[in-house]
Amino acid sequence: MAAPTTQPSNAVPALAPERAVNWPKRVKSKLANGLQIVLVESHSIPRFHGELFFRSGNAAVSHRAPGLAEMTATMVRTGTAKRPSRQIEEDLRRLGADLSSSAGQDHSAIAFAGLSEFAEPLLGLVNELAREASFPDAEFERERRQKLEEVKLERTQPGFLAGERLRKVLFGEHPYAKVSPSEAQVAGYKREELHSIYHESYTPENALLLLVGDFQPAAMLGTIEKIFVPWSGKKPMVPQATAPANPRGRRAYLVHVPGAVQTQIVCGCHSITRKHPDWIKLGLTNSLYGGAFNSRLVMNIREAKGYTYSPRSGVSALQQYGYFSVSAAVRNEVVAASLTEIFYEVDKLRSLPVPEPELADAQNYLSGVFSMGLATQEGMLSQIATVALNELPDDYLETYREKVRALQPADVLATAQKYFDSANMQIVMVGDRSKIESQAALFGELEVFDAQGNRLS
Amino acid sequence: MKGLQIALESRTLANGLRVVIAPDSIVPVLTVGVYYKIGFRLEPQGRSGFAHLFEHMMFQGSANAPKMEHIKLINSSGGVLNGSTMYDVTNYYEAVPSNALGRVLWLEADRMRALKVDDENLKNQRDVVKEEVRVNVLNQPYGGFPWLDMPPVAFRNWANAHNFYGDFADLDAASLPDVQAFFRTYYLPNNAVLLILGDVKPEEGFLLAEKYFGDILRGPEPPFTNPNEPPQTEERRGHIEEKFGTLPAMAIGYVLPKRRSAEWCAMALLDQALHGGRAGRIYRNLVLEKQIAVEADGGVDDIFGYNGPAQTTTRILHKPEISSEATLAAFDAVIQEVQEKGISADELEQLKVKWRSDYYAMLEGGRGGYMPKYGLMHLLACFSLFDGEPQLVNTILDGFLQVTPERVQAAAKKYLRKENRAIVFRTPANTDVKEAA
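These protein sequence lines are chains L and E, in that order.
For the first sequence, this note's numbering assigns the number 1001 to the initial residue and increments by one for each residue that follows.
For the second sequence, this note's numbering assigns the number 33 to the initial residue and increments by one for each residue that follows.
Worth flagging that the hints you see were computed from the coordinates, not collected in a lab.
Check before you lean on any hint, since a few could be wrong.
Claimed, not checked - 27 Å max Cα-Cα, derived DSS-like pairs, lysine-lysine:
#1 L:Lys1235 x L:Lys1305
#2 E:Lys290 x E:Lys373
#3 E:Lys104 x L:Lys1403
#4 L:Lys1403 x L:Lys1348
#5 L:Lys1305 x E:Lys155
#6 E:Lys275 x L:Lys1435
#7 E:Lys450 x L:Lys1305
#8 E:Lys104 x L:Lys1348
#9 L:Lys1435 x E:Lys373
#10 L:Lys1418 x L:Lys1348
#11 E:Lys104 x L:Lys1305
#12 L:Lys1168 x L:Lys1403
#13 E:Lys322 x E:Lys290
#14 E:Lys322 x L:Lys1190
#15 L:Lys1305 x E:Lys322
#16 E:Lys99 x L:Lys1190
#17 L:Lys1152 x E:Lys322
#18 L:Lys1030 x L:Lys1190
#19 E:Lys351 x L:Lys1152
#20 L:Lys1082 x E:Lys322
#21 L:Lys1082 x E:Lys290
#22 L:Lys1305 x L:Lys1025
As the list claims (entries may be wrong) - Per the computed footprint, the stretches of chain E lying under chain L, defined by three or more beta-carbons under 8 Å from a beta-carbon of chain L, are:
#23 276-283
#24 308-316
#25 328-338
Note that this is a predicted model, so its numbers are computed, not measured.
All C-beta atoms in this analysis are idealised placements derived from N, C-alpha and C, irrespective of residue type, glycine included.
Start from the sequences and build out the full structure, keeping to the hints where you can.
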């Protein structure tokens, strides 16, 4: 063994002085047709990432049927006036590109990434998909049959069943309660209806184009103008949805999956959207609770008790309403014990101020992880998408870290009391009824469903 | 064509620890990894799943950082961390603001020097791992399909053929002495590589590596069980029941050519011709055109990251009204076509552009954007441990870009043979439609 040059110390090394985090310039523009554009340079690799968002998704058309925006997005890549499906896929490969088209509750999007040297033809293809998708009959029939199999398959996945039941419980009659269509609803999809949704919502007035990558913004803006200027179309009319009732009192819901060897738990309550002034406080409070590896929930039910592999909590910020949720897949014997600990940790954060060192650790975690977004094109794109889609202030990225670091134990206590609504938290369990029903019933009036959503008792 | 060159420097400490530094100070972020050259392939017989269970134990405490301290120190430095167990390596990695370099190296060195765990930690992580297996395999439709189902059918050498996640009886049998023996055998500086990528000056990185890791004792070279397989002379088949899903499924795996051979490069592009997304021949034929399958995907998983027998595997979920044999016949027709007609120069050109683009993307990210430079770290580690040549990261692309249509066709004929493949059928216990005879 070689003699060490210096003896290592047993003490944890202190952090060196922090290097400044400099967010790159966001170059913004808006075309005469209404298309909003944000460009960011990132020269780490000779590629770029982009996303063309439309500000309407499944919720905007859910009065017609659930999942229609998603099905519309699926159809977008299956053919245009100029290129059949097969050519679209081969052209993408020729450009070294990946592309996906999808829709969530609030947005539809075409996401793409590829080599910078082929930026212009790739943007040309994206433009074609956004404006000239032809929705071929045969492709529609095939995608619809495909979708039928997908909706059957997702009803065998515990995570899907838990999330779906929680949404139904939290959002009732609101479009956000509809996570996925039934088989009958998919069978009722009509090509003409999808095509009309496409024409209404895939318009420049409804769109936002974000690009991050290895390009010069001025030149890229010129390319974008050349391609997208001839596009036209108005914002779609979206019916106003009535506000969902906020469920009162703790209730328990069991989705019965015969033979399940584990129970998927998810608990949740209404909270806030990204735009709310308390958002950053709630993010920090969630991080302390169950949003990080080094959080109370993980320490308790994973590292101390070994009930579960992957406990976590998070705030889902949909555009109109947000909700807080806690999830864990636990072994059947400890369903009640896990729920007891989940609520113990919630109530503890609501009752006692968080110790200052623990708070400082969580603040450092959130502010450090936030700047990881700088390091990859995809990470940067996700950060600017959050800002643009939620219409957050221009300096959101620059000021986030100092806002997190300014928070005090009293802020966390008040935030937990306000948004970790323990008394009105809804509890969903997906598992084998015969193994867990008696434990489930301890936590509130119990309703039991099958995987298809039929009430069993 | 615009190339991409990664600046890197490497040294080996006196105790055998390889250190690779790839400086890039565009953003104040660092990725640090320690890779040990031991994965689940060579874990001890009678202890299936042990390499992975052991990986969990590496987060349970070391001489100067008790349980949870490791996680707490990385998170509170503004960073994230994780580990994973693969066929031939196990990694531990962190992404942190660059001011935490000393702290990260101190932590990694502390657990390379001395693991400090007890029975309670072991019992706790055994429980956690069982829930991991349940959530990923036992309680999921098509859980573990085909990555856990295929090896026992395809291979004869226990190293390649056992349950890598672990039989619960084996997990239960694992003891604290097993943990310490595994640690002493494989977790040695001379069986590892340290990677520091991002905002670091190479000289500072090497100095800190020496400071924290320099006094860790070298150990005897770990035993290397030969993972080679006896020659295969016929197609192998296996059947497994699917408990939750209702669609019949099958996976077809072909053994790959030797790593870093010219045939291996040709096979990689052939694999892309077959599997590369919606333009791939298998998806196009089975899902889009014939509409036999609902899902048809696969390919080589982590082509640079293995050091023993590996396969390219196609995973198909098909419609219940189509029989397994009809589905397999349709798949075979795709294979036969590429064997007989090869691929055109134009198709190969598309595949090469995509391959190059994917390679760059892998270097930059590779873990959904939250783990910068994960792919670069992984490649530098594998090229260091398997080949002794981290600089391969800047040249390995050339071999793929030189592949010709003739070599692709030759690879199809030589490797996509029935005697070189295994098939696993995963058949639902409950289906709404009876399968046609």
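Comparing the hints with the structure gives:
no. : hint                  : verdict
1   : L:Lys1235 x L:Lys1305 : violated, 53 Å
2   : E:Lys290 x E:Lys373   : holds, 24 Å
3   : E:Lys104 x L:Lys1403  : holds, 22 Å
4   : L:Lys1403 x L:Lys1348 : holds, 24 Å
5   : L:Lys1305 x E:Lys155  : holds, 10 Å
6   : E:Lys275 x L:Lys1435  : holds, 17 Å
7   : E:Lys450 x L:Lys1305  : violated, 49 Å
8   : E:Lys104 x L:Lys1348  : holds, 20 Å
9   : L:Lys1435 x E:Lys373  : violated, 57 Å
10  : L:Lys1418 x L:Lys1348 : holds, 14 Å
11  : E:Lys104 x L:Lys1305  : holds, 18 Å
12  : L:Lys1168 x L:Lys1403 : violated, 34 Å
13  : E:Lys322 x E:Lys290   : violated, 34 Å
14  : E:Lys322 x L:Lys1190  : holds, 22 Å
15  : L:Lys1305 x E:Lys322  : violated, 51 Å
16  : E:Lys99 x L:Lys1190   : violated, 57 Å
17  : L:Lys1152 x E:Lys322  : holds, 21 Å
18  : L:Lys1030 x L:Lys1190 : violated, 34 Å
19  : E:Lys351 x L:Lys1152  : holds, 12 Å
20  : L:Lys1082 x E:Lys322  : holds, 24 Å
21  : L:Lys1082 x E:Lys290  : violated, 43 Å
22  : L:Lys1305 x L:Lys1025 : violated, 47 Å
23  : 276-283               : holds (count 4)
24  : 308-316               : holds (count 5)
25  : 328-338               : violated (count 0)
Hint compliance for this structure: hints 1, 7, 9, 12, 13, 15, 16, 18, 21, 22 and 25 are not met, and every other hint is.
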